[in-house]
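Respectively, the protein sequence lines represent chains X and F. Under this note's numbering, think of the first position of the first sequence as 1, with each following residue one higher. Under this note's numbering, think of the first position of the second sequence as 1, with each following residue one higher.
Source of the hints: derived by calculation from the structure; they are not laboratory data. Be aware that one or more of the hints could be misleading.
Partial selection, computed: residues in chain X whose CB lies under 10 Å from chain F [stated by the list, open to error]: (1) Tyr4; (2) Asp83; (3) Asp84; (4) Gly98; (5) Trp106; (6) Leu107; (7) Ala115; (8) Asn116; (9) Ala132; (10) Leu135; (11) Gly172; (12) Lys176; (13) Arg180; (14) Ile183; (15) Gln211; (16) Leu246.
Beta carbons are placed, not taken as given, at the ideal position from N, Cα and C, and that holds for glycine.
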Amino acid sequence: MIAYLSTLVVLVSIGVLVGLALNFQWGTAGLVNFGVVGFVALGAYTVALLGPHIGWFAAMVCAAAVSAAVSTILAFLSIRLADDYLAIVTIGFGEVVGILLLNEDWLTGGALGIANVPRPFASMVSAAHYDAVLLGFALALVAFTFVTLEILVRSPFGRALRAVREDPIVAGALGKPVLRLRIRAFAVGGAVMGLAGALHAFYLTYIDPGQFTSITTAYAFMAVILGGRGSNTGLLVGAGSIMTLLEATRFLKDALAIVDGAQLAALRLGLVGIGIILLLILRPQGLFAEPRKRVRDFFPDDEVLPDRPAAAARSTRAFAADPSVPSFQHCESEVSSRES
Amino acid sequence: MVRSLNRRQVVGALGVSLAGLGLRPSIAQGASDVPIGMVLPFTGATGPYGPDMKKAADLMVKTINDAGGILGGRKLQLYIEDSETSATTSVTATHKLLDVNKVELVGGFWGSPEALAAKPLIIAANKVQMVSAAADAITDGDTKGLVYRFQAKSSQWGPAGAKVVSSLKLKKINILAQQNPFVVAMIEPFKAEMAKLGGSVADVIMYNPTQPSYRAEVEKAFGSDPDGVFVGALLTDFVAIAKEVYRGGYQAKIVGLGTGADADGAFLKSVPAEVAEGIHHLQPGPPLDSASYRKFVKEMGAPEGTVFLFAGNTHDQICVTALAMEHAKSSDASVWSKSIPAVCNPPGEEVDDILKALEMVRVGKKINFVGAGATVDFNERGDQLNRSFVHQVIHNGKNEIVDIVS
Numbered sequence: 001m002i003a004y005l006s007t008l009v010v011l012v013s014i015g016v017l018v019g020l021a022l023n024f025q026w027g028t029a030g031l032v033n034f035g036v037v038g039f040v041a042l043g044a045y046t047v048a049l050l051g052p053h054i055g056w057f058a059a060m061v062c063a064a065a066v067s068a069a070v071s072t073i074l075a076f077l078s079i080r081l082a083d084d085y086l087a088i089v090t091i092g093f094g095e096v097v098g099i100l101l102l103n104e105d106w107l108t109g110g111a112l113g114i115a116n117v118p119r120p121f122a123s124m125v126s127a128a129h130y131d132a133v134l135l136g137f138a139l140a141l142v143a144f145t146f147v148t149l150e151i152l153v154r155s156p157f158g159r160a161l162r163a164v165r166e167d168p169i170v171a172g173a174l175g176k177p178v179l180r181l182r183i184r185a186f187a188v189g190g191a192v193m194g195l196a197g198a199l200h201a202f203y204l205t206y207i208d209p210g211q212f213t214s215i216t217t218a219y220a221f222m223a224v225i226l227g228g229r230g231s232n233t234g235l236l237v238g239a240g241s242i243m244t245l246l247e248a249t250r251f252l253k254d255a256l257a258i259v260d261g262a263q264l265a266a267l268r269l270g271l272v273g274i275g276i277i278l279l280l281i282l283r284p285q286g287l288f289a290e291p292r293k294r295v296r297d298f299f300p301d302d303e304v305l306p307d308r309p310a311a312a313a314r315s316t317r318a319f320a321a322d323p324s325v326p327s328f329q330h331c332e333s334e335v336s337s338r339e340s
Numbered sequence: 001m002v003r004s005l006n007r008r009q010v011v012g013a014l015g016v017s018l019a020g021l022g023l024r025p026s027i028a029q030g031a032s033d034v035p036i037g038m039v040l041p042f043t044g045a046t047g048p049y050g051p052d053m054k055k056a057a058d059l060m061v062k063t064i065n066d067a068g069g070i071l072g073g074r075k076l077q078l079y080i081e082d083s084e085t086s087a088t089t090s091v092t093a094t095h096k097l098l099d100v101n102k103v104e105l106v107g108g109f110w111g112s113p114e115a116l117a118a119k120p121l122i123i124a125a126n127k128v129q130m131v132s133a134a135a136d137a138i139t140d141g142d143t144k145g146l147v148y149r150f151q152a153k154s155s156q157w158g159p160a161g162a163k164v165v166s167s168l169k170l171k172k173i174n175i176l177a178q179q180n181p182f183v184v185a186m187i188e189p190f191k192a193e194m195a196k197l198g199g200s201v202a203d204v205i206m207y208n209p210t211q212p213s214y215r216a217e218v219e220k221a222f223g224s225d226p227d228g229v230f231v232g233a234l235l236t237d238f239v240a241i242a243k244e245v246y247r248g249g250y251q252a253k254i255v256g257l258g259t260g261a262d263a264d265g266a267f268l269k270s271v272p273a274e275v276a277e278g279i280h281h282l283q284p285g286p287p288l289d290s291a292s293y294r295k296f297v298k299e300m301g302a303p304e305g306t307v308f309l310f311a312g313n314t315h316d317q318i319c320v321t322a323l324a325m326e327h328a329k330s331s332d333a334s335v336w337s338k339s340i341p342a343v344c345n346p347p348g349e350e351v352d353d354i355l356k357a358l359e360m361v362r363v364g365k366k367i368n369f370v371g372a373g374a375t376v377d378f379n380e381r382g383d384q385l386n387r388s389f390v391h392q393v394i395h396n397g398k399n400e401i402v403d404i405v406s
């Protein structure tokens with residue numbers, strides 16, 4: 001059971017890394033990326049191709065670099081396009097990567113894929129205990145990524161990205177380099193997706209193009225929506241619950257004689273779909289909405305004139321909730337963290 | 001305010017109920033049960049093949065258990081997981097079977113990527129892997145004698161296809177093939193055999209799976225007016241290709257694989273009879289004349305003469321596992337795996353009934369088990385020997401056997 005749970009955690013970690021990356025690109029910077037799976041695949045193949053020659057660590061760094069570099073190029077090509085068009089370009093990119101991997105068999109092994117991907121620390125521990133090592137490695141990778149992205153989100157860079165997300169024209173008018181900010185956000189996200197791909201390759205040790213289908217992208221979006229756009233903590237919960245839910249339903253048929261494997265297989269994905277629809281209807285901001293910045297956060301109460309504290313507080317609230325103030329009401333993730 | 005509370009309650013209740021479903025403890029298995037597992041496709045592109053394979057496996061487990069089980073009354077406990085036609089899922093499913101259910105066998109495995117991805121795990125755990133997949137790589141490398149293939153190898157499909165093509169007096173052939181490990185591995189052996197038989201392959205057209213349309217590929221393969229086209233396809237794409245060929249009015253003969261043009265009868269249910277008319281196809285045949293196979297078809301509730309391409313394989317996997325355990329007097333995979341050749345290969349008395357075979361093994365007789373999917377004889381790499389191919393043609397919406405190719 002422990003070994004199975006640890007592989008489950010590795011699987012969740014891969015999902016979390018992809019989700020964190022998407023949350024940075026889409027949640028924080030407002031850039032829709034439907035080509036997530038393409039970047040993950042690039043990372044996985046980079047590790048599989050370079051790993052045997054330059055070692056797993058260098059290969060993993062290369063995976064992040066390759067994905068980041070390709071993200072940058074893609075960002076240049078498409079960043080001036082508005083939301084919907086960016087989405088179309090990224091879908092196209094994901095498909096292009098998949099088709100290249102399948103058909104350039106001189107490099108990628110084509111449909112046969114690549115086997116025996118070298119794993120981190122594999123020479124130091126026996127195969128029987130390797131699960132624990134991979135578990136630790138995955139958790140460390142997630143922790144490193146989470147902390148790095150949290151620092152970025154809280155930094156001036158992150159604030160500028162949120163400003164660009166809310167209204168690029170206003171941000172541009174205030175002197176923010178919108179294009180450069182977006183490209184950097186896309187590159188950072190791409191690098192993390194490359195890392196996720198590397199972890200995927202380490203986990204399976206055998207990769208083929210069939211593993212990188214658009215369902216990966218769909219899971220990432222589900223995780224971000226469930227957790228709450230823009231919230232990294234929410235993402236951890238979101239990705240964790242989706243992966244756990246998908247796996248936990250495996251045990252359903254062992255326990256219930258009336259549901260057989262074939263029926264359950266169809267039910268599982270349906271359940272997740274229903275869950276997402278209900279969530280979007282009942283709690284569109286996700287489980288953990290992005291912390292909402294209010295005027296009070298920047299002008300604490302003690303700066304308010306001492307003789308009119310109540311009125312000032314009231315007016316602050318009124319300002320924050322006023323639908324006519326566009327920058328606060330632009331995005332659905334902003335809706336009423338006050339309620340909770 | 002009241003409304004928002006209700007929302008939370010709904011979401012909360014939903015979460016709790018789903019979590020509750022997940023946390024429900026699995027049925028405690030009896031101390032003496034022998035857990036075995038299978039990874040089969042129920043969803044995704046190969047989803048149509050899973051249910052019959054499951055049915056056959058369940059049937060055998062029930063037969064064996066109802067007759068008193070193995071190893072002095074121990075029952076087989078079968079766990080089946082969905083592979084979702086995905087290597088990633090196959091790995092998690094295999095992990096679950098190995099670590100949670102503690103299975104001694106991980107069988108099933110329709111599809112080479114699924115089998116290849118799960119193979120290192122199963123070998124590392126010292127359990128037995130039985131596959132119904134074709135890629136040569138599955139039995140390559142150091143398998144510790146734990147990997148057994150209940151299916152013809154890809155490289156065996158190629159020459160058999162070439163023999164069928166030349167038996168139809170087709171000389172100039174184009175190949176239209178899906179990019180997947182199973183089909184890719186049969187192309188070179190097909191070409192080599194064609195050259196030997198005096199034919200030639202003019203063009204090889206590869207296509208990607210899950211394309212929305214195959215019109216361009218079909219036009220390229222059939223438009224140059226070859227005598228015939230060898231189509232290496234699976235079910236969903238073969239259905240689309242057959243319709244496209246019919247629409248285009250091409251005259252070249254189609255020789256397909258049983259994986260696409262039969263798929264345990266699924267193809268004929270998916271296209272009108274006039275589209276399927278005259279399509280030839282081949283597949284590794286079960287021993288159609290054996291009493292065991294006829295009995296198996298009856299037990300599956302299918303009309304006489306039905307060719308089950310994969311269901312027989314899971315039937316055989318369960319039988320061989322039970323027999324090998326009984327022979328080794330152990331449910332430990334590293335022990336009973338060594339007994340597999342002893343109960344499957346000649347010499348020995350041929351027997352095709354599992355209960356009779358178990359009885360004979362118990363009294364110490366040397367047996368040579370004959371299964372419903374094949375004669376189940378293995379070479380030292382774990383590949384099945386003597387897989388003959390059944391060449392069929394579709395006529396009036398029915399499969400008719402033309403001949404047996406070996």
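Each hint, compared with the structure:
1. Tyr4: Holds, because the Cβ-Cβ distance from Tyr4(X) to chain F comes to roughly 3 Å (cut-off 10 Å).
2. Asp83: violated (25 Å)
3. Asp84: Violated. Min distance 21 Å.
4. Gly98: Holds, about 8 Å.
5. Trp106: violated (13 Å)
6. Leu107: violated (14 Å)
7. Ala115: Holds - the Cβ of Ala115(X) comes within 10 Å of chain F, reaching about 7 Å at its closest.
8. Asn116: holds (8 Å)
9. Ala132: Interface hint status for Ala132(X): violated (13 Å vs cutoff 10 Å).
10. Leu135: violated (12 Å)
11. Gly172: Interface hint status for Gly172(X): violated (37 Å vs cutoff 10 Å).
12. Lys176: It is violated, given that the least Cβ distance between Lys176(X) and chain F is near 36 Å, above 10 Å.
13. Arg180: violated (36 Å)
14. Ile183: violated (31 Å)
15. Gln211: Holds: closest Cβ of chain F sits about 5 Å from Gln211(X), inside 10 Å.
16. Leu246: holds (9 Å)
Of the numbered hints listed earlier, those contradicted by the structure are 2, 3, 5, 6, 9, 10, 11, 12, 13 and 14.
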